[in-house]
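There are 4 protein chains.
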Amino acid sequence: MIGGGQGAFIGAIHRFASLGDGQIELVCGALSNSPDKAKSSGRELGLDDSRAYTSYTDMIQSEAALPPETRMDFVSIVTPNHVHFKPAMMALDHGFHVFIEKPMTFTLEEAIQLKEKVKSTGKVLTLAHTYTGYPMVKEARHMIAKGRLGKIRKIYVNYHQGWLSRASEQDGNKQAAWRTDPKRSGKSGAMGDIGVHAFNLAEYISGMKVTHLCAELDIVVNGRALDDDGMVMLKFSEDASGMLTATQVAAGEENALSIKIYGEDGGLEWHQMEPNTLHYRPLEGPAQVLRAGMPYLSDVAQLNTRTPAGHPEGYLEAFANLYRNFTLAVKHREGLSTGVREELIDYTDTEDGIRGMAFIENVVKSSNSFEKWLPFTI
Amino acid sequence: MIGGGQGAFIGAIHRFASLGDGQIELVCGALSNSPDKAKSSGRELGLDDSRAYTSYTDMIQSEAALPPETRMDFVSIVTPNHVHFKPAMMALDHGFHVFIEKPMTFTLEEAIQLKEKVKSTGKVLTLAHTYTGYPMVKEARHMIAKGRLGKIRKIYVNYHQGWLSRASEQDGNKQAAWRTDPKRSGKSGAMGDIGVHAFNLAEYISGMKVTHLCAELDIVVNGRALDDDGMVMLKFSEDASGMLTATQVAAGEENALSIKIYGEDGGLEWHQMEPNTLHYRPLEGPAQVLRAGMPYLSDVAQLNTRTPAGHPEGYLEAFANLYRNFTLAVKHREGLSTGVREELIDYTDTEDGIRGMAFIENVVKSSNSFEKWLPFTI
Amino acid sequence: MIGGGQGAFIGAIHRFASLGDGQIELVCGALSNSPDKAKSSGRELGLDDSRAYTSYTDMIQSEAALPPETRMDFVSIVTPNHVHFKPAMMALDHGFHVFIEKPMTFTLEEAIQLKEKVKSTGKVLTLAHTYTGYPMVKEARHMIAKGRLGKIRKIYVNYHQGWLSRASEQDGNKQAAWRTDPKRSGKSGAMGDIGVHAFNLAEYISGMKVTHLCAELDIVVNGRALDDDGMVMLKFSEDASGMLTATQVAAGEENALSIKIYGEDGGLEWHQMEPNTLHYRPLEGPAQVLRAGMPYLSDVAQLNTRTPAGHPEGYLEAFANLYRNFTLAVKHREGLSTGVREELIDYTDTEDGIRGMAFIENVVKSSNSFEKWLPFTI
Amino acid sequence: MIGGGQGAFIGAIHRFASLGDGQIELVCGALSNSPDKAKSSGRELGLDDSRAYTSYTDMIQSEAALPPETRMDFVSIVTPNHVHFKPAMMALDHGFHVFIEKPMTFTLEEAIQLKEKVKSTGKVLTLAHTYTGYPMVKEARHMIAKGRLGKIRKIYVNYHQGWLSRASEQDGNKQAAWRTDPKRSGKSGAMGDIGVHAFNLAEYISGMKVTHLCAELDIVVNGRALDDDGMVMLKFSEDASGMLTATQVAAGEENALSIKIYGEDGGLEWHQMEPNTLHYRPLEGPAQVLRAGMPYLSDVAQLNTRTPAGHPEGYLEAFANLYRNFTLAVKHREGLSTGVREELIDYTDTEDGIRGMAFIENVVKSSNSFEKWLPFTI
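Protein chains in written order, with our numbering: chain S, 1 to 378; chain Y, 379 to 756; chain F, 757 to 1134; chain D, 1135 to 1512.
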């Protein structure tokens, strides 16, 4: 693990998500730049001092020099956005698979380079689009792929948070500070932080690609340098259209990501805060409430569920599913048996990562334009 | 009542809404152009044959000639959109107050003329923006007017129906037929039919006015002449912004009108299909569930409620509130005592009606434009 | 109408419910014992002074003396519980149909006499078990009658209110005062007021009869003479069992009546506060959300619905359905055509009314007994 | 870990719950009686062959002989009910803390012996009453302890499942087979399996004890030897009363455990299937929706939450909280620093375990009695 020392939030999430299934063990870390903190963080997590490295370069080189049965199998990169690209490139070059916190890189150019490197090394790289890990999201994708909704017509995706309603970055809130800082977050604030999740979810579930967009970004709280609010009208391939809104100033909202998709023959609705339920409304007949863990769900939903129906799973299990699928993908890539059919294995790949980076670029461009519709370009 | 003979849908709604409170009696009607149907419809409703007229001109003239204690007090116009203007003008000219089914008129120009006529005659004219009749909608408006949310920042309003997902206008569905016909519905389909309700609701609750918009209308079902789907980005006075979507091709949806409004200090959420609940989320502290009929609500919400909390009221009671407020307004205008403070009386007036007509015009114009933002003009 | 003068709550409800459909007109009343109030209440409702009677005896006799085309068709009795029996008997004797507010009478003995009178006069008598008027309640009954759940096994019905959590009867709350007074309410408080609705609903939907019960009544708020809380274990015919709870001291609850019924092949769940939704969970396959107004519902549900799906109906429409069915039943009894198949007409009859009175008697008896199970006797 | 080899359900749950926080490592196991399966299960989980034991006696003795820094710290017992007592006694005798799957033992007598052993050895023993691990359950308990509801009056707790609606134990369903078998499950089926969770939850949240009960157990599906359904009326200390229902034949239900508690000043409602929400209804003022992860919650709720509000946690996190609290309790017992105030540490102890066993005994006794109320005895 690179990053994620004491006090780091997302590192603990990655560890919970990766360790629970008993398939992954934490064997080494470059948990902090500070040698003291690197050691003490390592000890707290049961690492051997010799493998609690103080830099990712040291870690990657040292581990690569260990015998195969001892050395780490892959790297998890949980550093801030601007420290994703270099360690990922280096890890790939040294023969390690890579799991990166989202977004893939700091810029679109880096993302494209990284994709090439993945291709040339033949390793697996994934990134944490956590919401795609929910079983009912996978069920929705499966239903649409099977044609259950007919031709898709409309997609509405909304991601509303309220935690940046006040200028808390000026009051010592560290999460708020880096997310509103262009040097650490990139070209966009709310749209880059959460809008890109909404975009990814829409493309993931629908199986369609955005072709044109018309965006408006806004800075609602005075004094910010990056958008904390935005809305985007979308055109998709195959004549569908839709709407994406993302805001971090919806006072009182927690983490309200939701999506509605309508086709000729019915509609689907999913809310991240009640993730085990998928509402399916056929054009005719009663609405149905599909529930995680039920036997009528698809194999892919079953694969991504740990408990019987009615025992709610949540965000950390969705995250654990990212690691589960990544592990399966790595094993498949390495020719190991997994007991799981390959078509069920499903993870965010570099192509998706690049589209996410491109989404941010295109939204910013459109927001600055007087023209209504711009094509989505990479 | 003009229109609303046997088989007419909205006429029965108006009657239920107006008669239940025991303050209004149906005394005459021009229920149908067909003399036979006019008589038989009248008899079914207990009208005297002599007051079951066969044209609105006949009705207005004849009633005006009756002695004041006998003649009707006001006219309800429940005919199709293109037959709103003339009977309304004539009724006003003969000294009758007017209640019109929405939209106010067929064109913006007519609406402006009608407003002038209302002003010059001093009569009360209202139109059926039913959703403003719900007590929790009035509570939301009241809370915002009192500053409970602070300065308003965001408004999201969505109106999703699925009943036009198929080309049912070609299969004998009369409601579908006239709503998809430009000659009877006007310049817009979905946006004129339901989008205008969403627009009205957003302005009504927030107390703000739309100043700019960027719209995209769409014909999803092949063969239609009018939009069955659309989305509009909105800018409001006082720096707020928002999003409005309206569609009649959201397969499986019933009548899903909902609104979320966020200010500096909190947010509100209301769903028409669960109308007795208003979700209030302050920026700090737990979310609250405000419920119709509860003693902590404002006087205006209480005035528009008939039953104790937990005895759900619905669409017809909201509609009855339009008649209740109209009746109160008429009494106030005529100097009669009502026992109700004037500031609690609240109805859709000609100004609102004109803005609704202008919304349709502006949306169509923007949808045809390549420019992103157009000013909202009347 | 007998009772229901100015200031009376339930009278206004009955009027709203009966007038809205335009099939019933208020033609006379004995609205109050006080001559002044009787007149002024009558005027407010548009009654002719000559038919604003000051006693029900006067009203029944005078109306019976009028020519058939003028005189009232039926009587609505909305007086307190102890003034139901006599006017009902007298009205029947004079040839009028009768609609009584629930409960049918003050004692079981009166109820039995009234049933005999109804039988001998051949008139229609119904009582206001309002919750059976909801279309989704009728749908539930229909589904079970059609065998959709298989053999019924379990019924859970709960009716929880909080409005008697404090001794508000001592602070001038008139509703609280008469409902906690044995002289006006009868042998039971909460169980007689709301428990009997729950009992009626369980028998109505399931089509089964309670055969044994084990009850515990409780006085939670000190100083009361009647139960404000209770719970009852139930055995039904055909081996089903269940649980009924009724309380008026569930602080914070509004009018939370709900029922769950499970059979061999699936379950149903309905909540009065969200009355347009019926949850149906088949043993296999996804849960379904049945919604009022949808075309897939039964004819009986359609008959009891006024608006399209998504336009919520509520308590007053359920009440209006009682009057709708009563009117239809009267017309059928009198040989008039209604356009409605007789098997769709459905109202609470004297048999149901007697069972309701017997329920109260049996619950009180069981609560005073040390034995666990007592048979349900009439 | 004792039990929990390949194919075992609850073992995987315990591992996910214990490993995710990175504070616990799986170091040894007696995962299966079969030597082959013990080895292969151990390898799959990364155990050293030398510590993949084939019996718990071997494991406890061998581990006790290892040096302190190497040997295991505690034992998790995840075997069937009748194999809880002996390994727990032996582990305690050899100086290990113990975490047992619920129920504590097979009989009440064993439970009492085990309690004595825990007392005499000074070790920590807990059992998996998972539902007490949810943060909002702890918040509810905290609110009541702080007097937020005033004196408690009513408790309604229901636990409804549908998975035993058919005699699936006769079709090879292993879970169904052992739970319906008196030799493996004990004296009661549904009440012992899930009713006891409901009982524990009611006592846990309310802080009160059941003093009397009146129970009725039922075998709904023909051919079973144990109850698959039951209901219990309850009296609590301090004059409160309540109702508990537990059934496994509620066709279509998943794992619907819910509780409502009402006091003089307000009520609480919680549903296990939406565990991050706690509904709080004060007697006056609007209902509140308390949400996991929000800053207004108590310290004890915060301690048992891993993610920010709106990132749902579920059953596995509740389970992980059991291990978190157990670990903290062990550290406190051993004098190690934890950074957590002792009064925040909270786990199911032997006293609770004994009351759970006694609940089953008392319910069975009452169900067989003709008397209404029996005292709750241990």
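Do not take every clue at face value.
Cβ-to-Cβ under 10 angstroms is the rule here; a few derived chain S residues that face chain Y [as the list claims (entries may be wrong)]:
(1) Pro-80
(2) Val-83
(3) Tyr-156
(4) Asn-158
(5) His-160
(6) Met-233
(7) Gly-242
Covered stretches of chain D (chain F as the covering partner; in silico rule of three or more C-beta atoms under 8 angstroms from a C-beta of chain F) [unchecked claim]:
(8) 1342-1354
(9) 1381-1393
(10) 1405-1412
(11) 1453-1466
(12) 1494-1505
Calculated directly from the structure, the hints in this document are not laboratory data. Model, not experiment: these values are computed from the prediction. A virtual CB, placed ideally from N, CA and C, is assigned to each residue, including glycine.
Coverage of the segment 1453-1466 of chain D by chain F (three or more Cβ within 8 angstroms):
Check failed, 0 qualifying residues.
Should the hint that Val-83 of chain S touches chain Y count as held when the rule is a Cβ pair under 10 angstroms?
For Val-83 of chain S, the interface hint is violated, since the closest Cβ of chain Y sits about 33 angstroms away, which is over 10 angstroms.
Would you check whether His-160 of chain S satisfies its interface hint, that is, whether its CB is within less than 10 angstroms of any CB in chain Y?
Check passed: Cβ of His-160 of chain S comes within 8 angstroms of chain Y, closer than 10 angstroms.
Apply the coverage criterion to the segment 1381-1393 of chain D and chain F: a residue qualifies when its Cβ sits closer than 8 angstroms to a Cβ of the chain, and three qualifying residues are needed.
holds (count 6)
Quick check on Pro-80 of chain S please, does its C-beta sit within 10 angstroms of some C-beta on chain Y?
For Pro-80 of chain S, the interface hint is violated, since the closest Cβ of chain Y sits about 27 angstroms away, which is over 10 angstroms.
Would the hint on Gly-242 of chain S be counted as holding, given a Cβ-Cβ threshold of 10 angstroms to chain Y?
Result: holds, 8 angstroms to nearest chain Y Cβ.
Take the shortest C-beta to C-beta distance between Met-233 of chain S and chain Y; is it under 10 angstroms?
6 angstroms, holds
Quick check: do three or more residues in the segment 1342-1354 of chain D have a beta carbon closer than 8 angstroms to a beta carbon of chain F?
It holds: at least three residues are needed, and the segment 1342-1354 of chain D offers 4 whose Cβ sits within less than 8 angstroms of chain F.
Proximity test - 8 angstroms, beta-carbon atoms, the segment 1494-1505 of chain D to chain F, at least three hits
This one holds; 3 residues, not fewer than the three required, reach chain F with a Cβ under 8 angstroms.
Coverage claim, chain F over the segment 1405-1412 of chain D, checked by counting residues with Cβ within 8 angstroms (three needed)
Our answer is that it is violated, as 0 residues pass the Cβ test (under 8 angstroms) against chain F, missing three.
Evaluation of the interface hint that places Asn-158 of chain S against chain Y, nearest CB under 10 angstroms:
7 angstroms, holds
With a cut-off of 10 angstroms on the beta carbons, see whether Tyr-156 of chain S makes it to chain Y.
Holds, because the Cβ-Cβ distance from Tyr-156 of chain S to chain Y comes to roughly 7 angstroms (cut-off 10 angstroms).
Violation of the numbered hints given earlier is confined to hints 1, 2, 10, 11; the remaining hints are satisfied by the structure.
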